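Student: Chain by chain, the residues:
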Amino acid sequence: MTNLLADFLSALSLLNVSLAFLGVMAGIIIGALPGLSATMAVAVLVPFTFSLNPSSALIVLGAIYTGAIFGGSWSAILINTPGTPSAVATTFDGYAMAKKGDGDLAMSISCMSSFVGGMVGVICLALFAPPLASISLAFGPTEYFWLAMLGLTLISTLAEGDNIKSLIGACLGLLLSMIGVSVVGGDMRLTGNISFLNSGIEIVSAMIGLFCIPVILDLTSLKGKHLNESETPKSLRLVESFSIMTKNKFATVRGALIGTFIGILPGAGGSIASIVSYGEAKRTSKNKDNFGKGEPEGLVASETANNATVGGGFIPTLCLGIPGTPPDAVILGALLIQGIKTGNTLFTQQSDIVYTFIFGLALATLIMLPLGLLMGRYAYKFIIKVPKEVLIPSIIFLTIIGSYSIENSILNVYFMFFFGLIGWVLNRAGFKASPIVLGLVLGGIAEQGFVQAYIIGNAQDAILANYFGRPISTAIIFMILVGLFYPTLKEKFFKKKVLIND
Amino acid sequence: MIKDKISFISSIVFFILSGLVYLDATTLSDFAAVFPLAIGTILVFLSILLLVRSFKLEIKIHNDSVLKLKIILLVIVFFGWIYFLERSGFIITSLIAFNLLVLINCENKTTIKQKIFFMTAGTIFVLLLYFGFKNLLQVPLPEGLWFGH
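Residue numbers (my numbering), protein chains in the order written: chain W, 1 to 502; chain H, 503 to 651.
Since the hints were derived computationally from the structure, they do not count as laboratory data. Hints are supplied without guarantee of correctness; some may be wrong.
Claimed, not checked - Once the Cα atoms are required to be at most 20 angstroms apart in a straight line, the calculated PhoX-like pairs of lysine-lysine come out as:
1. H/K507 <-> H/K562
2. W/K293 <-> H/K617
3. W/K223 <-> H/K617
4. W/K99 <-> W/K341
A quick note: this is a predicted structure, and the numbers were derived from the prediction, not measured.
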């Protein structure tokens, strides 16, 4: 207990508080810029932490990561372009709210939800890290494959529009993810002998193009303002946001728990977590018809889940040395440089560093609340006042600089441009960008799981049993089937009931 | 009788795409081919559903009307921006393309004074981000092949 108090006080030192503040601020700004992901934010700033002591270094990296995941929601809400892949589900209702004139409310809800999600993740990290880490070991290739499929089927059935076209979009995304060297086998696939396709499609540049360029092209034709202005321009709409959060407390808690749990699974990350949480919220909501049209509950579900993955992702990173999410992998590298040996013994042998870090992460999440609310308010006011004549070139400029800076390659900018045009055409034909992007993001995980499960099943002479017979897989398959057929069945039964009542 | 032309055309395009995927998969080892084949098969199945539906249901898509000339100009300048980025350097290309896009997006009622203001604001924005990315985030932005870099 005395040790914990000492760790708590150590986290509250002036240096650590300042570092957490700066880290969160830098993270929010970087995360908000399309193309600059949380991984990049952490990676770019890692060298600055080498001169710090291990716990301060960890605190600043955790703060950047927390800020960046939250910052991703800003561009999702304001320009319909997720700043990070984990904010894809935030675009569904966040942008719709902004278009209706509730962008400031969306920004505040997003900040509060991220705070709650982040805090739940940190609490789980502090209290249950070692036992939860062992759960992640129960997930084998088959389970990862089905988990990726769950994310894809959910996004396809939940995104606004046509379900068949959304499922086709998910398949397209998966096919795009296969371009280049195959995950298992090392063959060169689907490149059509075009040499620049050998290294595959860069996910973030494709994501920027698919989300951003259709918005730019539509904005060009739009007459009048790009976003409606709020009727209450001088407030943070805190009371309203708090009331929405309280009203949707189950969606909030569920989103936070889903985010923490999926964060624990190495490689799964915020993109699946926010989609699964959004799906559950829509399935159980009384306002399910409003989802995708600016329903705050959808925003709450997505944002709590993606920030909860921060704490959740640190569980396997610290306990098993297996990074839960890509930014965790960078942080793991920084930990090794600092001489920290991860594993179960970390919580006993170097508990001072770990608990100072956990308290620091909680502190960063706490700092994110006022900072995010204030910065978000100004960002919203700024974006809404920028005339369309300047906004459109500015977004184009950000898409170019963002996609270029991923790998300092002009090829990614061309990819972004090409995917943007394709995305615009597909969008006008009724194919939405989100299933394609998620297919591209989850393609690697899905294929690796699928092929490894096939190899294992083949070796055991039980391919089907390996895919369908494992308890966790069966549970996930059940969830996929519910996600696919529940809306249709419920609609049919509900309609029948209404007819009978009439 | 086709009721939904867009779905009909889309399903044909995806049939062709699936065919190309199958064709490519024949040249691959078993482990590399299994996933493309699985996804290709699902795509065929979904395309059949879409095709059948296109004969039975008319699904209307509500698209906003587009200003074709503006979009064409925007796409040309956008492409030019990318094309000349490495050749004439980030700063020059960005300043020219940004200001061209400002002019393209100006409406008839925009005054010359406003246009000058927008272009000045845009120039400052480009310069600020250029120095931010180059110096703070250490992104080596292209300085132009034509200038010996």
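Student: A separate judgement is required for each hint: does it hold in the structure or not?
Tutor: Hint check:
no.: 1; hint: H/K507 <-> H/K562; verdict: holds (10 angstroms)
no.: 2; hint: W/K293 <-> H/K617; verdict: violated (35 angstroms)
no.: 3; hint: W/K223 <-> H/K617; verdict: holds (17 angstroms)
no.: 4; hint: W/K99 <-> W/K341; verdict: violated (49 angstroms)
Hints 2, 4 from the earlier list are contradicted by this structure; the remaining hints agree with it.
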